[in-house]
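S.K.: Dock chain to chain to rebuild the complex, using the hints, since each chain is given by itself in its own frame.
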Amino acid sequence: MNAETTPLLQVNDLSIGFGDQPPIITDVNFSIDRGETLALVGESGSGKTITCRSLLRVLPRSAVIHSGTAVFNPKASAPVDLFSLSEKELRDVRGDRISMIFQEPMHSLSPLHRIGHQVAEVLTLHRGHSRASAKVKVIEKFRRVGFVDPERAFAAYPFELSGGMRQRAMIAMAMIARPELLIADEPTTALDVTTQAQVLELIKGLQEETGMAVIFVTHDLGVVANIADEVCVLRKGRVMESGPTDIVIGAPAHGYTKKLLAAAPAIPHSAEPSAARPVVDPILQLEGINKTFVSRAGTFFGKNREVQAVKNVSLTVERGKTFAIVGESGSGKSTVANIALGATQADAGGAIRYWATKGALPVDVAHLDTSERRAFQREAQMVFQDPFSSLSPRMQIIDILTEPLRIHGIGTRKEQKERAAELLEKVGLDKNMLRRFPHAFSGGQRQRLSIARALALNPSLLVCDEPTSALDLSVQMQVLELLEEIRDDFGLSYLFISHDLAVVARIADEVAVMRQGQIVEQAAPDVLFTAPRHPYTKALIAACLEADVSQKINLQTVALGAGDPHTWPEAYAMQGSSLPPLVETEPGHLVRVNP
Amino acid sequence: MTVLPNNHYVDDAPYDPDEDIKSLDRPDLDAPSWLLIWRKFKRHKLGLWSGIFLLVAYLSLPFVGFLVPYTPNERNADHLYAAPQMVRLFHEGSFIGPYVYPITAEADLENFRWNYVQDRENPARLEYFCEGDDYNFLGVFRADTHLFCAPEGATVFLWGADRLGRDIFSRIFYGAQLSLTVGLIGITVSFILGITIGGLAGYFGGRTDWGVQRVIEVLRSLPELPLWLALSAAVPSHWGPVAVFFVISIILGLLDWPGLARAVRSKFLALREEEFVRAAEMMGAKPNRIIRKHLLPNFASHLIASAMLSIPAMILGETALSFLGLGLRAPAVSWGVMLNDAQNLASIEIYPWTAIPMLPVIVVVLAFNFLGDGLRDSLDPYSDH
Chain A
73 MNAETTPLLQ VNDLSIGFGD QPPIITDVNF SIDRGETLAL VGESGSGKTI
123 TCRSLLRVLP RSAVIHSGTA VFNPKASAPV DLFSLSEKEL RDVRGDRISM
173 IFQEPMHSLS PLHRIGHQVA EVLTLHRGHS RASAKVKVIE KFRRVGFVDP
223 ERAFAAYPFE LSGGMRQRAM IAMAMIARPE LLIADEPTTA LDVTTQAQVL
273 ELIKGLQEET GMAVIFVTHD LGVVANIADE VCVLRKGRVM ESGPTDIVIG
323 APAHGYTKKL LAAAPAIPHS AEPSAARPVV DPILQLEGIN KTFVSRAGTF
373 FGKNREVQAV KNVSLTVERG KTFAIVGESG SGKSTVANIA LGATQADAGG
423 AIRYWATKGA LPVDVAHLDT SERRAFQREA QMVFQDPFSS LSPRMQIIDI
473 LTEPLRIHGI GTRKEQKERA AELLEKVGLD KNMLRRFPHA FSGGQRQRLS
523 IARALALNPS LLVCDEPTSA LDLSVQMQVL ELLEEIRDDF GLSYLFISHD
573 LAVVARIADE VAVMRQGQIV EQAAPDVLFT APRHPYTKAL IAACLEADVS
623 QKINLQTVAL GAGDPHTWPE AYAMQGSSLP PLVETEPGHL VRVNP
Chain B
168 MTVLPNNHYV DDAPYDPDED IKSLDRPDLD APSWLLIWRK FKRHKLGLWS
218 GIFLLVAYLS LPFVGFLVPY TPNERNADHL YAAPQMVRLF HEGSFIGPYV
268 YPITAEADLE NFRWNYVQDR ENPARLEYFC EGDDYNFLGV FRADTHLFCA
318 PEGATVFLWG ADRLGRDIFS RIFYGAQLSL TVGLIGITVS FILGITIGGL
368 AGYFGGRTDW GVQRVIEVLR SLPELPLWLA LSAAVPSHWG PVAVFFVISI
418 ILGLLDWPGL ARAVRSKFLA LREEEFVRAA EMMGAKPNRI IRKHLLPNFA
468 SHLIASAMLS IPAMILGETA LSFLGLGLRA PAVSWGVMLN DAQNLASIEI
518 YPWTAIPMLP VIVVVLAFNF LGDGLRDSLD PYSDH
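Chain order of the listed sequences is A and B.
Under the numbering used here, the residue at position 232 of the first sequence is numbered 304, and the numbers go up by one with no gaps.
Under the numbering used here, the residue at position 329 of the second sequence is numbered 496, and the numbers go up by one with no gaps.
By construction, these hints were calculated from the structure, which means they are not laboratory data.
Please read all numbers here as calculations on a predicted model, not as lab measurements.
Backbone N, C-alpha and C define an ideal beta-carbon position, used for all residues, glycine too.
One should not assume that every hint holds.
[Claimed, not checked] What follows is a list of derived Cβ distance ranges for each label pair: (1) B:453 with A:639: 18 to 28 Å; (2) B:378 with A:419: 24 to 34 Å; (3) B:199 with A:562: 24 to 34 Å; (4) A:648 with B:173: 52 to 62 Å; (5) B:440 with A:530: 22 to 32 Å; (6) A:655 with B:456: 40 to 50 Å; (7) B:209 with A:622: 52 to 62 Å.
[Said to hold, decoys possible] Simulated coverage check for chain B against chain A, where a stretch passes if three residues somewhere in it have a Cβ under 8 Å from a Cβ of chain A: (8) 170–178; (9) 289–295; (10) 457–467.
[What the hints assert, rightly or not] Keeping only pairs whose Cα atoms sit at most 30 Å apart, straight-line, the calculated BS3-like set for lysine-lysine is: (11) A:308 with A:503; (12) B:460 with A:503; (13) A:393 with A:331; (14) A:610 with A:393; (15) A:489 with B:209; (16) A:160 with A:147; (17) B:460 with B:209; (18) B:460 with A:498; (19) A:486 with B:453; (20) B:207 with B:460; (21) B:460 with A:489; (22) B:453 with A:498; (23) A:486 with B:460; (24) B:460 with A:308; (25) A:430 with A:503.
Extracted from the complex, chain B is given alone in its bound form (with noise of 0.2 Å):
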């Protein structure tokens, strides 16, 4: 440091007044923003965690009838409404592996219900990639290896049994299957909906903006759980489980796309004051091109990240319906299918276990809502700290 005469303080580090223009200023941000992205929200860890936990849970879809002891429909009479058995390691202070003790009913004359007797003398260890029903491997070959299963003259019933005697546990994976599909298939049409309206009314704004506006707004105004049980009661009650299941998550996609028009439509009237998009414009560019290579690769992570939370609406939708008799119906199996044997009161308080699907719902549509917080929260990967 020095100093001068009068208070004058001069910076002795050295100083090059030509510094490079070729280097770069950030070089942190030298890069594809999809990987920018990525480092921060892999800075979120609840929404990473979640992400983990989706991606888990839909990788494993496929292969629910192998990693469950029973198939869906499989009826046990003996063990109707049969409790939750604890899977233990230690029978009488000693090591034996994982076991359950088996149970037999006994009928509560008084009362009118089952009650089950473990039998604690004759633990039953779980056996391992054991024959059971068959059931539909990756929904291509016929297979009947389960993970596990319970040996002969015991059963595991993990989350316990419903009325007909069929295991929630294995029950709830399967209808992971519908309950969790549902959603996307719900998102798609939402999606292709929503981003074509959207996209026309910010493109083009003016008349077709206002009338598109209008239609969200008469659209939003309807109550929704009345709308969607007048068109579910309008699918013929013939028809099959698939194109119920298929019905149901397009009614659900068609009743959802104007929040994400409405999403779309503000993106987009942003990004057309931006710069580059005039620039596009100025150098001859058409619409298509405009919208294809300038606007859509600029708000594709908002779209993610809006589907990301509107799913957890579809899947409570699908609950929700299905729930009330109008929705999926048996022998189809959804989280709402099995929460409508869960109706009646009596049976929530006498078997509490039948409520159980519950747990996964809640559980899928946090992680969504964690997993869509976290993407909005590393959308713009630019903005400092």
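Next up, chain A with everything else stripped away, as it sits in the complex (with noise of 0.2 Å):
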């Protein structure tokens, strides 16, 4: 065989394991050709991760590769195995032949160091260029990475850029080399879904223009969709499924390809919009809320800086319905949440009412006092986004879903305990889990403890910070399943935080789309994802990609509505520093526009 047809690196019988312990990696078999991407797919506990650095042997101290190869050939030179190579030979393949990215971009750039010289520090090493010219190659890659002003990028520190700029920052240093192969591990999950869009976008024309290889590490199958042409899906450390994408995602053989394709949450392309009825039960209503934070300033007699992080926003829940507030990380909408259960005080002037039963006096959440308060807290609980932090380490789940009724002074210990069975029952573990620890489950079995912790005061509200943000696909649609079924069972009413519209779609009785802290479309989720009239809206759904092959980005929407409030359509642009007003544009849809 020639160089031109044999695969660009071959992974044959990886096995990779911790210590003495059984391996988590088994048996991983894999080819990538050149200019081809190939997406690795899997869940937390996958070992992708895993997989992915062991090939520049970037792994945890204690993880052994058992056995396997990874042969790697190259243009230039005669075809390697990665596993088998020095220390020193490997370091002249990491980061010139075959470079990386990863998931977090704040902490794969060194925070004392201009952002420029990173970069340039690979031609210096690798290229033995001069700093001049190297300084003169990486502004021309930052230019191609879509910095508007590649000077001032090439002088600022990672903490003055975005998350996005800093991973096309990270993009830059990984492909300035020009490398054969590109390894990028999650790339964009810790950004928000417009950012993503444009960033996968950068990935594949830079590919385009050089020829490089990818191999995509992703949770999120319509990442894949999009950009892979390969596919091989990965369950505790087994290749379940690999093949072409159209075959695996279109016609999947495998259950768990099947399961995870099934989870996918999707927004609805076409659906009946039912006319809008007014709200008649309210039970939590929130009326021209602003709320500034100050930050404190450095020195104890230095000048605060203020932040407006909410602005007028007005939003009335329905009793036994989902509210859904959608926005990406800035908008304002975990501190609304805080607002709406009086954790969070909003500036003066607002109003926040709850109404205990249908036709009661309201309460002011923001002035209550203790023994109103109290009765508050019993009627409104928050579910949180970390499985992982919500739930004390140190206690017994009892003791997590007793501790409610015990603040509160609620019933005898026995009864307690009864109450907490119960709880466990109903978001579908298994009563002998009393004793357990929480580190022993799984993040969606933690998830559902946490539900079931909110549940035991038995609350009429609960509001739901990204409730499912933190979880793998297929956890995430079973944790919205038991939330939907908890609402219709109790009569729950929710108030709904989310970044992700495809989770919203299916939940949601009333969306309302914010950004940079006001809310700039508010209507039903048929009518707002069939005939979406603000262009951030409009970018958001553009931007949501879907385990669909057929399916693609429109990049122009995205650019357009994720852009800067100024540069909208003139309609909806920013005149000053204030939107347009909310105006309801025909019953029950609101949008920020010039009427």
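M.R.: Spelled out as structure tokens, the structure:
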């Protein structure tokens, strides 16, 4: 065989283990051709990251490669087995012939060095460039990856850039030596959806220009459908299914792939918009809420800086329904959730009203006295985002579940215990788990426990702050189903916060899209998804990647809507420092637009 | 393995799409955290052995009087500055059990020093459970039985004798009673202050935090040794050894808390952001309950580790003060007091064994450091590998 027909990288029978424990990667095989994109797909614990890191031998210290070969076949030299190279030989491959980008760009760039110098280092190390000629090349590359002012970016420190821009800098660093293989380990997971779409497009464009191959590690089948030629589905360190993307995604043969595809949330493409009805039985209402955060100055006597996180937000949650707030990081959606529960004090001026029962007099959540506050805390509970930090590692499940009852002094010990067992069964867990500790549970199970704790006091309102964002796809679906089920069983009302329109599409009765602290569009989900008006909503919908090979991203829509609010079409654009008013364009459909 | 056309590979192993959500994901982590910490700590051999050593050392403190042949202030006027005696087993080729050679002092009038001559003819076999000087057993009863002692007419100075002819070996054991416990009392004082003040600063933040931070900075900027000296010079000289001992340990504790307060404060700040604490707040738990039930259990282990690492500082502090003559004073016996005798360069040169009390100081300080390190490394039992 000649070099043109052999794959660029062929991995055979790879097995990796920690210490003397049983292997966590077993018999993994895959290969990648020049110019091709291979996606390694899997959920947490599937071993996808370990697999790709083993190629450059950047593994945790106790990990051992038990067996396997990884034959790398560069253009200029003879094929080599990456696993049998010496450290010194491997250094010549790393960053030069094969380079890597990581999930969290903040952690992969040194905070003490200017970005330009970090990127130029690759050239001075591997290619023997002088500093001046390296700088010219780096600036050229920065322009290519989309920096508006590459000269300025060259001199910037990592903390001066946003997440997306940092990831672009990482890509520039990885690309500068024109590698033949780029390993991208979840490069877009930490980014907002609109930024993700743009970064994916950038990687694709660069790949076409340079003809490099890309190994793309991800948990997101939407990303796979959009970018990969070949897919390799991993589960618990084993390959479940692999092959060309259109076949694996289009006609999956393995049960696991099918399950993953079924669990991928999707935005409905066509639905009959239902007629809007006025809210007759509200449970929670926010009116004209503003929140300004004062960031403390570094010195005792220094001046404080103010940031307005929420601007004039009004919304009404109907009893027994789900009101969803969607927005990217920094949109102020979590602040709204905290204000709604009285955990954060809003600025003076707005009102938060809570109706305990239909037709009752509303209480003002911002100004509760002690007994009202205790009553409200029993009525309204929160489900948190991170299932690993929301349960105390030192408490047994029974203590976690009975803690709310004890705080409010409800029931005897025995009754509390019975209640805990009952709650566990409600969320689909077994009551013999009462004496277990939270760390024995998986993320999905822990999120169920967190929901069970929120239910302990029989609340009527649950505020869910991104309850599924930290979970795997298949688990996310189960938790959403559970949330729907308990909502209908107990007549709960939800204020549901998410960054993912597709998740919300399933559960919400009303959706508000937030951007920079303001609601830009609000409607029932079928109206919002089928007939979005606002450019930002359109961008969010367009940036949602679906596990469907025939649907590709419309990047123009994304770039337009996700850009600076000043650049939106005139009717929607920001004038000076304020957006147009929120007007009802048709019954039940609110848009920030100049009438 | 199935390979379909188009290079399409499908795994054949049985697969159950509805995996039981009722089964445990990580059964190995299903244990209270102290057990997980212990499992991890057990693998830290150096820390484990240091811990065992310290445990044995502390447990034997009440029995010191029984374990050693002499009482701390028992003078032996015929054996001033006696050299260490070796315990031997074989005499002229035959096994006669542990014995020592009796020694007699000879004055070297040219160099003004004592020389000791061994009587190699008459090996003196050690006696066991023999009667010696009175001591307080467990601090309650008088007793006079010693584990071992020399027979009539001989002496057993394993590590030599000091300028008054007192057995250094026995005195080191007695000294441990004070030197080891000074750390415990000091750390208790420092703990109470550190946790309270650090906890207040961490929980309330803002101005309280700012104030506490500045106080800590001021305290930390004071030069330690002169401060110790000033404080202990203020202890009235007519107070008894026990009173002085308590005052010294409290002084050490009073000056040690800032480090601990900082650790508590930063841990508090980190834990406050954890969602389980916010969850408790939103359920309506009062600050007191949040601190006791949710915050304290989660950093108790960190506190224990930092305590282990600060006890050596206390022991060294006591040693330094007593060495300078400003800490404990005779007739109290501590390692620092003993080293006070070794201040004189001449005596170290001629009688180097007077400096032996340095060894237990070094050993104990190292042991605490190893133990503390081992604990600190085991504190996060949930991280993998």
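S.K.: If a hint holds in the structure, say so; if it doesn't, say that too.
M.R.: Verification of the hints:
A beta carbon spacing of about 50 Å between residue 453 (chain B) and residue 639 (chain A) contradicts the range 18 to 28 Å that was offered as a hint. The hint said 24 to 34 Å for the Cβ distance between residue 378 (chain B) and residue 419 (chain A), and at roughly 28 Å that hint holds. Remark: the range hint 24 to 34 Å for residue 199 (chain B) to residue 562 (chain A) is upheld by a beta-carbon distance near 33 Å. A hinted range of 52 to 62 Å for the beta carbons of residue 648 (chain A) and residue 173 (chain B) is consistent with their spacing of about 58 Å.
At roughly 28 Å, the beta carbons of residue 440 (chain B) and residue 530 (chain A) sit within the given window of 22 to 32 Å. The beta-carbon spacing between residue 655 (chain A) and residue 456 (chain B), approximately 48 Å, falls within the hinted interval of 40 to 50 Å. Checking the proposed 52 to 62 Å range against residue 209 (chain B) and residue 622 (chain A) shows it holds: the Cβ atoms sit about 57 Å from each other. Counting residues of the stretch 170–178 of chain B whose beta-carbon sits less than 8 Å from any beta-carbon of chain A gives 7, enough to reach three: the coverage restraint holds.
Coverage of the stretch 289–295 of chain B by chain A is violated in this model, with 0 residues showing a Cβ closer than 8 Å to a Cβ of that chain against a need of three. Look at the stretch 457–467 of chain B against chain A: 4 of its residues bring a Cβ nearer than 8 Å to a Cβ of that chain, three or more, so the hint holds. For the suggested pair residue 308 (chain A) and residue 503 (chain A), the alpha carbons sit about 27 Å apart, so the restraint of at most 30 Å is met. For the suggested pair residue 460 (chain B) and residue 503 (chain A), the alpha carbons sit about 23 Å apart, so the restraint of at most 30 Å is met.
A threshold of 30 Å between alpha carbons decides the hint, and for residue 393 (chain A) with residue 331 (chain A) the separation of about 28 Å falls inside it, so the pair holds. With a C-alpha separation of about 25 Å, the suggested pairing of residue 610 (chain A) with residue 393 (chain A) holds against the 30 Å cut-off. Annotation: proposed proximity of residue 489 (chain A) to residue 209 (chain B) is violated, straight-line Cα distance about 35 Å (limit 30 Å). Taking the CA atoms of residue 160 (chain A) and residue 147 (chain A), the gap is about 20 Å. The hint holds against a cut of 30 Å.
At roughly 28 Å between alpha-carbon atoms, residue 460 (chain B) and residue 209 (chain B) fall within 30 Å of each other, so this suggested pair holds. At most 30 Å may separate the alpha-carbon atoms for a hinted pair to count; residue 460 (chain B) and residue 498 (chain A) meet this at roughly 26 Å. Between the alpha carbons of residue 486 (chain A) and residue 453 (chain B) the distance comes to roughly 24 Å, so the proposed pair stays at or under 30 Å and holds. Between residue 207 (chain B) and residue 460 (chain B) the alpha-carbon distance is near 25 Å, which keeps this suggested pair within the 30 Å criterion.
Under the criterion of a C-alpha separation no larger than 30 Å, the hint pairing residue 460 (chain B) with residue 489 (chain A) is consistent with the structure, at around 18 Å. For the proposed pair residue 453 (chain B) and residue 498 (chain A), the alpha carbon gap of about 28 Å is at most 30 Å, so the pair holds. The suggested pairing of residue 486 (chain A) with residue 460 (chain B) holds, with an alpha-carbon distance near 20 Å, which does not exceed 30 Å. With a CA separation close to 37 Å, the supplied pair residue 460 (chain B) and residue 308 (chain A) exceeds the 30 Å bound.
The straight-line distance between the Cα atoms of residue 430 (chain A) and residue 503 (chain A) is roughly 35 Å, outside the 30 Å bound, and the hint therefore fails.
In this structure, the earlier hints numbered 1, 9, 15, 24, 25 are contradicted, and the remaining ones agree with it.
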